[in-house]
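Trainee: Sequence:
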Amino acid sequence: MKAATARGANNAQREIAVVRLFAVVAVVCGLLATPAFAANVGFEEVKIANGAEPPLTVGIWYPTDAAAVEQTVGTHTETVARDAPVAGRRLPLIVISHGGGGWYDSHYDTAIALARAGFVAAAVSHAGDTFDDQSRVMQLWRRPVQLHRLVDYMLDEWADHEHLDKARVGAFGFSNGGFTVLVMLGGVPNLSEIAPYCHAHPDHDLCSALQHAGVNPDLAETVPASVWLRDPRIKAAVIAAPAFGFAFGRAGLSGVRAPIQLWRAADDRHQPDPYYEEAVRVDLPHPPDYHVVPNAGHYDFLPPCDARLARKMPALCNSLPGFDRAAFHEQFNEDVVDFFRAELH
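All letters in the sequence shown, in the order written, are residues -38 to -1, 1 to 307 by mature numbering (1 follows the signal peptide of the UniProt record, and there is no 0).
None of these hints come from the bench; they were simulated from the model. Just so you know, not all the hints are guaranteed correct.
[Said to hold, decoys possible] 27 Å max Cα-Cα, derived DSSO-like pairs, lysine-lysine:
1. LYS9 x LYS197
2. LYS9 x LYS128
3. LYS128 x LYS197
[Unchecked claim] If you anchor each label on the Cβ, the simulated ranges turn out as follows:
4. ALA187 x GLU296: 30 to 40 Å
5. PRO164 x ASP235: 13 to 23 Å
6. ASP167 x VAL254: 17 to 27 Å
Yeah, the Cβ is synthetic: ideal placement off N, Cα and C, and Gly gets one too.
Modelling step: build the complete structure from the supplied sequences, incorporating the hints.
Mentor: Here is the structure:
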């Protein structure tokens, strides 16, 4: 009886040891698949070659163990360590495409949240569609080419590219940037859809903006499908308020296979429902991780403004009564990080 009891105890101890071993293995595997955390966020601005055109301006946020200080980056105050060493290996990369009239710092809070979670976030200022140069705002085919150039640079030319995992690349895009990322994932828009849309909805912001700029939407019919550049290196994407969503259709989105987190502001008066996000959602081959933000407007996907910027650009900074943009961005950035963690494993 005592021998049987001893054997039972030994078996139980062996089973406990095996369970503990599996637990340790699971933890180690989890750590290997999850971006590493660093103490702070590093930042650098670089210029990258862009063929025969002037260099593109890029902002890069990344994990670092260097001390970070509060400082001005463009029009925002950020707590970063400028030009500090990168911490970590096999870091996933997220490239960011801003909306029309923005620049690389337009989504700095999301970039910082990604860097704190162990990602490298790189954003390009889209030449010809920035706050200080809108000379080529309707030449939408230029944007995917520029974002593709950013991926090339980060993976092969960036001074710290050896810290990156080339197999784990994602993209974030807002408004015109959301359109850009859809194209990078394999979407092929038909810009000839813009003219009938504007004939039917001349009061919509897109159409009134085209009229104000003196752009004839009928000219979009001359754009060949071959100009749209796909980048198979992008494995997952977060897309907020994609512009020109109606221009894709089911056929135009049939080649999009990567997982997508799609966001819509419920009170987006700039891009009225159902012609933008909803049009994309219903025509994607696979259902996206879809979020509708109650009481939010189009520009609530931009970071909260300080008092000076709010006075200078109230149209971008003012939210509807009762909407807390700062609280929303805390949750939004957390959801973006969680999505990329899950999909870029």
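Trainee: The structure should be examined with respect to each hint, and the outcome stated for every one.
Mentor: Verification of the hints:
1. LYS9 x LYS197: Answer holds: LYS9 to LYS197 is near 25 Å, not above 27 Å.
2. LYS9 x LYS128: Holds: LYS9 and LYS128 sit about 21 Å apart, inside 27 Å.
3. LYS128 x LYS197: At roughly 11 Å apart (the allowed maximum being 27 Å), LYS197 and LYS128 satisfy the hint.
4. ALA187 x GLU296: 30 to 40 Å: Holds, since ALA187 and GLU296 (Cβ atoms, about 38 Å apart) stay within the stated range.
5. PRO164 x ASP235: 13 to 23 Å: Taking Cβ atoms as reference, PRO164 and ASP235 lie about 18 Å apart, which means the hint holds.
6. ASP167 x VAL254: 17 to 27 Å: holds (19 Å)
Going down the numbered hints, you'll see the structure goes against none, and every one checks out.
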